[in-house]
Amino acid sequence: MDHFGIWLAAFLTLGIYSFLYRDNAWYKLSESIFIGISAGYWVVILFWDNFYAKFWLQRQDDPMLWVGAALGFLMLLRLIPKIGWIARWPLAFIDGATAGLWGMNFLASNIMVQTKATIMPLMGPAFSGSIGDLLSNLVLVGGTFCGLIYFFFSKEHKGAFGNAARVGIWTIMITFGAMFGYTVMSRMSLLIGRIDFLFRDWLGLLK
Amino acid sequence: MRREIPLLITGIVGVVFVISYFIPHFPFNMMDGWFSDWFSIIQACAIVLGALNLLLISSQKIIRRKTDWGYSIVVMATFFLMIIAGFSGGVEFRGPDTTFTWLYNFTFMPLSSTMYAILAFFVASASYRAFRARNAEATLLLGAAFFVMIGRVPIGDLITGFMPEGARLSDLTGWIMDYPQTAGQRAIMIGIALGLVSTSLRVILGIERSHLGGDS
Chain A
1 MDHFGIWLAA FLTLGIYSFL YRDNAWYKLS ESIFIGISAG YWVVILFWDN FYAKFWLQRQ
61 DDPMLWVGAA LGFLMLLRLI PKIGWIARWP LAFIDGATAG LWGMNFLASN IMVQTKATIM
121 PLMGPAFSGS IGDLLSNLVL VGGTFCGLIY FFFSKEHKGA FGNAARVGIW TIMITFGAMF
181 GYTVMSRMSL LIGRIDFLFR DWLGLLK
Chain B
1 MRREIPLLIT GIVGVVFVIS YFIPHFPFNM MDGWFSDWFS IIQACAIVLG ALNLLLISSQ
61 KIIRRKTDWG YSIVVMATFF LMIIAGFSGG VEFRGPDTTF TWLYNFTFMP LSSTMYAILA
121 FFVASASYRA FRARNAEATL LLGAAFFVMI GRVPIGDLIT GFMPEGARLS DLTGWIMDYP
181 QTAGQRAIMI GIALGLVSTS LRVILGIERS HLGGDS
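Listed in order, the protein sequences are those of chains A and B. All the letters of the first sequence, read from the start, carry residue numbers 1 to 207 under the working numbering. All the letters of the second sequence, read from the start, carry residue numbers 1 to 216 under the working numbering.
It cannot be assumed that every hint is accurate.
[As the list claims (entries may be wrong)] Chain B is faced by these chain A residues, among others (derived, beta-carbon under 10 Å):
1. R78
2. N105
3. A117
4. P121
5. Y150
6. M173
[Stated by the list, open to error] Counterexamples of contact, computed for chain B against chain A with all Cβ distances above 10 Å:
7. H25
8. R64
9. T107
10. R134
[What the hints assert, rightly or not] Examples of chain B residues lying across from chain A (beta carbon under 8 Å, computed):
11. I12
12. I23
13. F35
14. L49
15. M82
16. F93
17. L103
18. F106
19. S113
20. I118
21. Y128
22. R152
23. G156
24. I159
25. G161
26. I204
Simulated from the structure, these hints should not be mistaken for laboratory data. Beta carbons are placed, not taken as given, at the ideal position from N, Cα and C, and that holds for glycine.
Just chain A, same shape as in the assembly (with noise of 0.2 Å):
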């Protein structure tokens, strides 16, 4: 069954790199089953892990659960058109659950974490580095400030204000260009995978 497997997984690995040449009816084979097969993992999954775990198991512990149930059930009134408009109630509720609790996670770790761990000590007993080290705190703390003067839009960039502006956009444009490198290398150690994948696994002319 498992060698079957290997050769479903390479006619559709190699389905989808089809697509360097052209669209094709391989790749959209392979394209609707990866359509079909990943919406009906993220059922399984959501109702196994969420509407099982969370509710079927524990609904006679605590009745406050059926509260929950009835508003998930209201969400698929969305697709009666005439009572479509009760689905915005869970929406309203998601939107609420979202603000509050990510605007306070954010809040959190994004400012407080992130502003605390820029302020580094530059001097002082509380500094033991080298020059170099000097320098690269500098540039972290200097780099974030200049970012942040560079995201603020009420005051006209212009003077000493511009030139830190500039220095903002000079650290921003830096990385872009490492989460652009970072990225690249991400997606070729992947296809480095697939590739393994076929000559490994499929063909067998790797040991």
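With chain A fixed as given, assemble chain B onto it according to the hints.
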């Protein structure tokens, strides 16, 4: 009724989550627990809604014999195949010898990683066309991308192998990632977070209502 109730729900839920962050005690911790569970349950129903929508669109395409309708049959067939595999095995559907795991290993996993891997070609061709050192900013972007890419592969250290430890390409890549990249990343993250917090407050307070759509 159609706009007021959703606004009220959003406001109450948002305020409870904000308060429970600062006061994780009764009754806010209890409400936080309820809301978190409801959120998960609604999420499961939302994916069902998405799946039903996919089936609806696919079946309409088949019935009306639209272009490439045959592929919609494949979408529906593979969807049901995964559903049957996931539900016929019961709670132990993730076991090593189940059909669900087999389908995951030999269809879902190779397809999803190939879908991401194929982007390597498109990113390479897009960068070839777009990357030009026209000005200082574009040169910095190009340079950072170049050093990060070459410093992450063995050839980078091979080229600079004669240089002392700490001055090779992989070290330069590490420095770029640890300092200027982190600085820019932090500025972006803090900027996004400030925007997200202010938008969250607008949503919770009912000032931002565009997510509720029209009056119909």
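Structure-based check of each hint:
Nearest Cβ of chain B to the Cβ of A/R78: about 6 Å, under the 10 Å cut. The hint holds. Interface restraint check for A/N105: the shortest CB-CB distance to chain B comes to about 8 Å, inside 10 Å, so the restraint holds. At a threshold of 10 Å, the smallest CB-CB gap from A/A117 to chain B is about 8 Å, leaving the interface hint in force. The closest approach between the C-beta of A/P121 and any C-beta of chain B is roughly 15 Å, which is over the 10 Å cut-off, so the hint fails.
Contact between A/Y150 and chain B, as hinted, is supported at the beta carbon level, the nearest pair being about 7 Å apart and thus within 10 Å. The interface hint given for A/M173 holds, since its Cβ lies 4 Å from the closest Cβ of chain B, which is under the 10 Å cut-off. The claim that B/H25 lies off the interface holds: its Cβ sits roughly 16 Å from the closest Cβ of chain A, which is beyond the 10 Å cut-off. With a cut of 10 Å on Cβ distances, B/R64 stays outside the contact zone with chain A, its closest approach being about 17 Å.
Distance check for B/T107 against chain A: the nearest CB is about 5 Å away, which does not clear 10 Å, and the non-interface claim fails. For B/R134, the non-interface assignment is confirmed: its Cβ lies about 12 Å from the closest Cβ of chain A, beyond the 10 Å cut-off. For B/I12, the suggested interface contact is upheld, since its CB lies about 7 Å from the closest CB of chain A, less than 8 Å. At a threshold of 8 Å, the smallest CB-CB gap from B/I23 to chain A is about 12 Å, leaving the interface hint violated.
Nearest Cβ of chain A to the Cβ of B/F35: about 6 Å, under the 8 Å cut. The hint holds. Hint on B/L49 holds. Least Cβ distance to chain A is approximately 6 Å, under the 8 Å limit. With a cut of 8 Å, the hint placing B/M82 at the interface with chain A holds, because the nearest CB-to-CB distance is about 3 Å. For the restraint placing B/F93 at the interface with chain A, the shortest Cβ-Cβ distance is roughly 7 Å, inside the 8 Å limit, so the hint holds.
Taking 8 Å as the C-beta contact cut-off toward chain A, the hint placing B/L103 at the interface holds, the least distance being around 7 Å. Interface hint at B/F106: satisfied, since its Cβ lies 4 Å from the closest Cβ of chain A, which is below the 8 Å cut-off. Proximity of B/S113 to chain A holds as hinted, the smallest CB-CB distance being about 5 Å (cut-off 8 Å). Taken as an interface hint, B/I118 checks out: its beta carbon lies about 6 Å from the nearest beta carbon of chain A, inside 8 Å.
For the restraint placing B/Y128 at the interface with chain A, the shortest Cβ-Cβ distance is roughly 12 Å, beyond the 8 Å limit, so the hint is violated. About 5 Å separates the beta-carbon of B/R152 from the nearest beta-carbon of chain A, less than 8 Å, and the hint is met. At about 11 Å, the closest approach between the beta carbon of B/G156 and any beta carbon in chain A exceeds 8 Å, and the interface hint on this residue is violated. Interface restraint check for B/I159: the shortest CB-CB distance to chain A comes to about 16 Å, outside 8 Å, so the restraint is violated.
Taking 8 Å as the C-beta contact cut-off toward chain A, the hint placing B/G161 at the interface is violated, the least distance being around 20 Å. A cut of 8 Å between beta carbons decides the hint on B/I204: the least distance to chain A is about 5 Å, and the hint holds.
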